[in-house]
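**Q** For reference, the chains in residue letters:
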Amino acid sequence: SQTIHQWPATLVQPVGSPLSLECTVEGTSNPNLYWYRQAAGRGLQLLFYSVGIGQISSEVPQNLSASRPQDRQFILSSKKLLLSDSGFYLCAWKKLDPTGPFFGPGTRLTVL
Amino acid sequence: AQTVTQSQPEMSVQEAETVTLSCTYDTSENNYYLFWYKQPPSRQMILVIRQEAYKQQNATENRFSVNFQKAAKSFSLKISDSQLGDTAMYFCAFILNRDDKIIFGKGTRLHILP
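Top to bottom, those sequences are chains P and U. Numbering-wise, the numbering used here puts 18 at position 18 of the first sequence, and it's gapless, one number per residue. Numbering-wise, the numbering used here puts 27 at position 27 of the second sequence, and it's gapless, one number per residue.
None of these hints come from the bench; they were simulated from the model. Be a bit skeptical, because a hint or two may be false.
[Said to hold, decoys possible] Listed next, the in silico DSBU-like pairs over lysine-lysine satisfying Cα-Cα at most 35 Å (straight line):
#1 P:K80 to U:K55
#2 U:K101 to U:K78
#3 U:K101 to P:K80
[As the list claims (entries may be wrong)] One-sided excerpt, in silico: chain U residues whose CB lies under 7 Å from chain P:
#4 R43
#5 Q44
#6 V48
#7 R98
#8 D100
#9 I102
#10 F104
#11 G107
Built from N, CA and C at the ideal position, the CB exists for glycine as well.
Looking at chain P on its own, in the form it has when it is part of the complex (with noise of 0.2 Å):
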């Protein structure tokens, strides 16, 4: 059966510090890969997506990027963290048919 990880689970971090969030999928090949950002109590936006090795769409222009480092890796970066940042972090997998959408567990960032 497939899984999904991400970590850390929460992370607590200051401005202008950098970022590494993980995600990783396991029971599946080649799927499509997914970041999103949901404000307290609010919905979920979309960060990025990618449909496949070193493919990244960006969504909302930021101070965040993201990589594919592996085909079931999926890596969110930033090189400065503002307040802004602050947020859950969830990241999601699907394949084309689609199976899916399935999410990870998710990261709970503050930025102080």
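For chain P, the structure is supplied; the task is to place chain U on it using the hints.
**A** For chain U alone, coordinates are given in the frame of chain P:
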């Protein structure tokens, strides 16, 4: 551009009652999928039910069922015999077959009262 609208920001019902959550969407295309997700206080997004647009039969998963009206672009979720554990945010979502983006509504916060 595709949009998903959930017109009920918040709802409350008594345990064991039936509740219907509304969702409308806008697209000019014919081939797509629709979804309902549940997000409990843990914030884990759980896929509740999925509907293929080419299927006329409404999808059902145990106590959860949908009323899919393609012409009206409506996709409501019915929860029968509601339980305290159904308390959560519910999101309606949409994917075009030719696209890869998952479009979400803003959610409905559902409270099941004892």
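**Q** Work down the list of hints and note, for each, if the structure agrees.
**A** Checked hints:
1. P:K80 to U:K55: Violated - the C-alpha atoms of K55 (chain U) and K80 (chain P) are around 47 Å apart, more than 35 Å.
2. U:K101 to U:K78: holds (25 Å)
3. U:K101 to P:K80: holds (27 Å)
4. R43: holds (5 Å)
5. Q44: Constraint on Q44 (chain U) satisfied, holds at 6 Å.
6. V48: Given a least distance of 12 Å, the restraint on V48 (chain U) is violated.
7. R98: With a minimum Cβ separation of about 11 Å from chain P (threshold 7 Å), the hint on R98 (chain U) is violated.
8. D100: holds (5 Å)
9. I102: Holds. Min distance 6 Å.
10. F104: holds (5 Å)
11. G107: For G107 (chain U), the interface hint holds, since the closest Cβ of chain P sits about 5 Å away, which is under 7 Å.
Hints 1, 6 and 7 from the earlier list are contradicted by this structure; the remaining hints agree with it.
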